[in-house]
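Undergrad: Below are the chains, spelled out letter by letter.
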Amino acid sequence: MAAEAALAGAALPEQVAALGRRSVLRIARRPGQFVFPLIFPLLLFAVNASGLGAAAKLPGFPAASYEDFAIAVPFMQGALFVAITAGTDLAADIETGFLNRLALTPLKGRALIGGQLGGALVSGFMQSVVYLLVGLIVGVELKSGPAGALVLLALSTLIAFAFATLGALIALRFGTGEAVQGFFPLLFVALFLSSAFLPRNLIQEDWFRAIATWNPVSYMVEAIRSLFVVGWDGEALALGFGCAGAVLVIGLAASAASLRTRLTRT
Amino acid sequence: MNARFWHVARGVAWRSIHNAFVNPAILVPSIAFPLFFLIAFAGGLSGVSKVPNFVYPPGYTTWQFVFVFLQSAAFGGVFTGFAIARDFESGFARRLLLAAPQRGGIVAGYAIAALVRWLITGSVVTVAALIGGMEILGTPAETLTLLMLGLLTNVVATLWACGVAMRLRTEQAGFLIQIPVFLVLFVAPVFVPLPLLTGWVKQVARVNPATALLEAGRGLLAGDPVKVGISFGALAISLVVFAVWARGGLRSAERAG
Numbered sequence: 008m009a010a011e012a013a014l015a016g017a018a019l020p021e022q023v024a025a026l027g028r029r030s031v032l033r034i035a036r037r038p039g040q041f042v043f044p045l046i047f048p049l050l051l052f053a054v055n056a057s058g059l060g061a062a063a064k065l066p067g068f069p070a071a072s073y074e075d076f077a078i079a080v081p082f083m084q085g086a087l088f089v090a091i092t093a094g095t096d097l098a099a100d101i102e103t104g105f106l107n108r109l110a111l112t113p114l115k116g117r118a119l120i121g122g123q124l125g126g127a128l129v130s131g132f133m134q135s136v137v138y139l140l141v142g143l144i145v146g147v148e149l150k151s152g153p154a155g156a157l158v159l160l161a162l163s164t165l166i167a168f169a170f171a172t173l174g175a176l177i178a179l180r181f182g183t184g185e186a187v188q189g190f191f192p193l194l195f196v197a198l199f200l201s202s203a204f205l206p207r208n209l210i211q212e213d214w215f216r217a218i219a220t221w222n223p224v225s226y227m228v229e230a231i232r233s234l235f236v237v238g239w240d241g242e243a244l245a246l247g248f249g250c251a252g253a254v255l256v257i258g259l260a261a262s263a264a265s266l267r268t269r270l271t272r273t
Numbered sequence: 066m067n068a069r070f071w072h073v074a075r076g077v078a079w080r081s082i083h084n085a086f087v088n089p090a091i092l093v094p095s096i097a098f099p100l101f102f103l104i105a106f107a108g109g110l111s112g113v114s115k116v117p118n119f120v121y122p123p124g125y126t127t128w129q130f131v132f133v134f135l136q137s138a139a140f141g142g143v144f145t146g147f148a149i150a151r152d153f154e155s156g157f158a159r160r161l162l163l164a165a166p167q168r169g170g171i172v173a174g175y176a177i178a179a180l181v182r183w184l185i186t187g188s189v190v191t192v193a194a195l196i197g198g199m200e201i202l203g204t205p206a207e208t209l210t211l212l213m214l215g216l217l218t219n220v221v222a223t224l225w226a227c228g229v230a231m232r233l234r235t236e237q238a239g240f241l242i243q244i245p246v247f248l249v250l251f252v253a254p255v256f257v258p259l260p261l262l263t264g265w266v267k268q269v270a271r272v273n274p275a276t277a278l279l280e281a282g283r284g285l286l287a288g289d290p291v292k293v294g295i296s297f298g299a300l301a302i303s304l305v306v307f308a309v310w311a312r313g314g315l316r317s318a319e320r321a322g
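Chains as they are written, first to last, in my numbering: chain B, 8 to 273; chain S, 66 to 322.
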């Protein structure tokens, strides 16, 4: 309680930093929660790269190997896992009453959301570094070079943070970890119904191609992929950053509104 | 297996089925996931069938249906493992162990529940695939043989999951239950035939029993059965091995009290 009181008396940046530190430490103390979401996308990448390797022989396939094409998927999948972890942690704070205790202090709502998602930001960045290194180790070529690596890390961290706000939104809206976990299949649907596994021009089914074209996840994956396969593709990057930014703005705005409603209820 | 065994099995099966059907959070994912895989793989990856040397007359929807059908059978067992772990965490399973006069019936009950649940899921997936344009060139007997392969796969996976859940007795066992099943299924010719696989997956798929199972299923629906005997043999051996594994899990739970 003393820590909560001290936190409430601090300025906004300090409040965000304190809650962010708590959020990061929370993940660090439970390595199981970080390691599985980190490993699973790599496992799927390893399986798909070999299982779908023959797809690189299709006329019009944009990459020399399927590994080059598919390396974008772990970044995106990792971001989805970050959303679930962030949402589950926030839901746990709601279920244990931590959020209610914070609500009794003058802590600002913006600080609460920003700080709570600090762990997501760090997780998103760290796993992106791991995916990049693994990709380079297995022989994936980063055509955009070292500068592209920096843009890649910025983009994938932004995507992870944007999806984390959706996890937070679900947690604030429903208040239970179970609801956040139930949201997980929907995120996976968004990934699988995108151009993550085949380029849109090679998707044969019209209805599937239409969904993939409307699905913002396609543009995020394509932006990441462009840095590996094409080099510098301004349009792909603009669409990727734009879609991630839009998800972030919508997620933050909706989370803030849900937080207000939840605190009013409290 | 006397009357008391079946009495316990019936009671556990009824409770598990009832729980699954009145709780959408349990039932929906086990139906939605295979459907979603079918849509994503058959719809999104159908272009893969244009790869040179990919020959499968019934088409890519049928190709992927066999995988999703058998995967749903295996994951039906996995989801039952989650339910067992949940029962231990809530304390219900311990009370069940105290009350059951024939504890082997507990495992049988969970296995019956898993079968019933999978029959629903398998039916939904089949109807969805037929709506999606799946072609079956095999005879009704060959199609029924695929169903038998699915049933055995479901029982084997349930016994595996049961053994893990009863040894660890926590919901945290979830990953340990599903990751080996996931790996066995995916390190096989999921998207393209075995000769078209590349890299390490091709080497592992050559010796993975799931490869024979998938090839048998696809051959049956194409009206050109292959490796059916090998598949039944592998499943029969797995059944014996994992029955012993599940029995060991039950003993471990009994010792833990």
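Everything labelled a hint here was simulated from the structure, so no lab data went into it.
For every residue, glycine included, the Cβ atom is placed at its ideal position computed from N, Cα and C.
Just to be clear, a hint being listed does not mean it is correct.
According to the in silico footprint, chain B covers these stretches of chain S (three or more CB under 8 angstroms from chain B) [to be verified]:
#	segment
1	71 to 77
2	89 to 100
3	108 to 117
4	252 to 259
Undergrad: Now tell me if each hint is right for this structure.
TA: Here is what the structure says about each hint:
1. 71 to 77: The restraint on the segment 71 to 77 of chain S is violated, since only 0 of its residues have a Cβ under 8 angstroms from chain B and three are required.
2. 89 to 100: It holds: at least three residues are needed, and the segment 89 to 100 of chain S offers 4 whose Cβ sits within less than 8 angstroms of chain B.
3. 108 to 117: holds (count 9)
4. 252 to 259: holds (count 5)
Violated hints amount to a single one, hint 1; each of the other numbered hints is respected by the structure.
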